[in-house]
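Trainee: What follows is each chain in one-letter form.
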Amino acid sequence: MALKTLSYLDRVRLVNGSDMCRSYFRELCEREPKRAVSLINDKKLLFVSLFMLMPEIEERGIYEHLNTRNTIAIKICRKILKIDSFLIESREEVYGVLKWMLISGANDDGLSSEYDRIIDGVSSLLINTYTDKALLKVVADVIFRRNRRGAFIHDLVWAFFGANDPNALRIIAEFLRSNVKEDIDLAYKLLNLEPNSENGYRDRHKQYLSYLSWVKENYPYIIFTGESFNLTSNPKPVSVDLGGRL
Amino acid sequence: MIIISNEPAHADAISSEGSIERDIINILSLSQVEYRYDSVEQLKFELILRKEIINASNELYRSQFSFKVFREAMCNQDYFELTRQGGFLLKDKVKASDAIADIFINSDKYGTECATAMVIVYYKALLNIFPEDVFNEMFPSILLMNWHKIDKHLREIGITSDTNDFLPGDRRYFANPDVDPLIPEWQGENTIDLGNGLYYGHGIGIHTADTIIAELNKNRKDDSEKSAYLMDSVGRPNFKRLADIYYRNL
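Quick note, the sequences are listed as chains X and V, same order. Sequential numbering from 1 applies to the first sequence in the working numbering. Sequential numbering from 1 applies to the second sequence in the working numbering.
A hint or two may mislead.
Derived pair list, reagent style EDC-like, types lysine to aspartate or glutamate, alpha-carbon separation capped at 16 Å [stated by the list, open to error]: (1) X:Lys236 <-> V:Glu185; (2) X:Lys82 <-> V:Asp180; (3) V:Lys149 <-> X:Asp185; (4) X:Lys82 <-> V:Asp23; (5) V:Lys68 <-> V:Asp162; (6) X:Lys4 <-> X:Asp42; (7) X:Lys75 <-> X:Glu64; (8) V:Lys68 <-> V:Asp98; (9) V:Lys226 <-> V:Asp162; (10) X:Lys79 <-> V:Asp180; (11) V:Lys68 <-> X:Glu114; (12) V:Lys44 <-> V:Glu72; (13) X:Lys137 <-> X:Glu174; (14) X:Lys181 <-> X:Asp165; (15) V:Lys109 <-> V:Glu132; (16) X:Lys181 <-> X:Glu194; (17) V:Lys221 <-> V:Glu185; (18) V:Lys95 <-> V:Glu132; (19) X:Lys43 <-> X:Glu93; (20) X:Lys137 <-> X:Asp165; (21) X:Lys82 <-> V:Glu81.
No wet-lab data here; the hints were simulated from the structure.
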């Protein structure tokens, strides 16, 4: 992302680091509170900057001056972190904020355990409550990036398959073509496929194409089983409604 | 029906020490399915291990072992390393027997989710039966994290399959398909069948199926239409392979 397209606070954070950004914002709240509010309410602000500045926002008493997007986002964070409950007043407004949180925040997944928990919760709400299937690719990318660094993925995988959408299988299958071993292994595991025993990974392009054909052929009859890592070592995400196929 | 060395065996002819073992024998005997054993000893080992699975469940229930989601999991770092995913990895130069025992001794230093608790139950059951040196030889490394990377000796506990008969000591799963999307820890409850209509689930306690279902139902999404339910499948260790190891090392 080009620096010049970013909000001022995001630029400060990226150029000078998170600690400097926090101390800059604290000082600004003392010196020029109106400017601090204007910067945090910037339309271009990334969710990660809001998340990082949440303690300063609360300490410096500027919460009541936040715009609707930021107010709702902080309420959602506090609900996911079980700090307090939040009754959803306007589904439309909340939906828009959730999308902003995920789309602008996904790249910074890994910032902290709390941040990752929020990304999990936001993804789960978008997929399972708002049935937004257009964001499955964004969530899949987070899953595979997390897996590469050995972080916790089970809740996010559970949320992802909650979409009950065969396109989710196609998105995961794309990672069979990755050049990264961790991606390929995880794709096999999530799709409950075995690498071709004779040729190992060399056949994975063929397996990818064959899997896509299988999805296409069975598309209307694919049933999501709801199996997860909480139930079994090798969850089978889908089965085929054979009765429906006959 | 029980078949031992290719001969049908009458329930009354098989000696058993306690009521749980007797209940298991009765279920096996009355079943339409043929339960085949190579020897009486092989059957007796299964009875002992099932009893110890129940004992270990009761021990864990009575301990201070707490419920924590993976991101907040905790363990005694004298024995285990806490992995980035929230699993417990046996530390180098620590004996598996000491580490598993410590979960029950210093239980207040440990906390995790329900699936990992089930794995701990199986390890403790085996520790109660096997000589310490054999146990340590079997498990030079241990990772405790739900059904992820299960040791080869316990591989089958991570797999569930449909069955006609449900036996005390089986792993059972209560699914909650309409769970609130923000609390995945309530997506289902892993339990051990304790017999007499009771189940042990970590965090939820020892209850009947109806009570566990009612608890799960309290954690569904607002517009839920589906109740939680007890699945018709079980998870079981490979009793026969474990019996072979046990008798080989007597």
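Trainee: Has the given pair, Lys75 of chain X with Glu64 of chain X, been kept, meaning a C-alpha gap of at most 16 Å?
Mentor: The given pair, whose Cα atoms are some 12 Å apart, holds under the 16 Å limit.
Trainee: Are Lys95 of chain V and Glu132 of chain V close enough, with their CA atoms no more than 16 Å apart?
Mentor: Since the Cα atoms of Lys95 of chain V and Glu132 of chain V sit roughly 9 Å apart, the hinted pair holds (cutoff 16 Å).
Trainee: Holds or violated: are the alpha carbons of Lys4 of chain X and Asp42 of chain X at most 16 Å from each other?
Mentor: Roughly 14 Å between the alpha carbons, so the hint for Lys4 of chain X and Asp42 of chain X holds.
Trainee: Verify the proposed pairing of Lys44 of chain V with Glu72 of chain V, using a straight-line Cα cut of 16 Å.
Mentor: Judged against 16 Å, a Cα distance of about 40 Å means the pair is violated.
Trainee: Straight-line Cα separation of Lys236 of chain X and Glu185 of chain V no greater than 16 Å?
Mentor: Violated, at roughly 19 Å.
Trainee: Does the alpha-carbon distance linking Lys82 of chain X and Asp180 of chain V stay inside the 16 Å limit?
Mentor: Status holds; Cα separation ~13 Å.
Trainee: For Lys109 of chain V and Glu132 of chain V, compute the direct alpha-carbon distance and say whether it is at most 16 Å.
Mentor: Judged against 16 Å, a Cα distance of about 23 Å means the pair is violated.
Trainee: With a cut-off of 16 Å on the C-alpha distance, tell me whether Lys137 of chain X and Asp165 of chain X pass.
Mentor: holds, 12 Å
Trainee: Can you confirm whether the C-alpha distance between Lys226 of chain V and Asp162 of chain V stays at or below 16 Å?
Mentor: violated, 21 Å
Trainee: Is the straight-line distance between the alpha-carbon of Lys137 of chain X and that of Glu174 of chain X 16 Å or less?
Mentor: holds, 10 Å
Trainee: Sort out whether Glu114 of chain X lies within 16 Å of Lys68 of chain V, counting only the CA atoms.
Mentor: holds, 15 Å
Trainee: Are the Cα positions of Lys82 of chain X and Asp23 of chain V separated by 16 Å at most?
Mentor: violated, 44 Å
The structure fails hints 1, 4, 5, 8, 9, 12, 14, 15, 21 (numbered hints given earlier, in ascending order).
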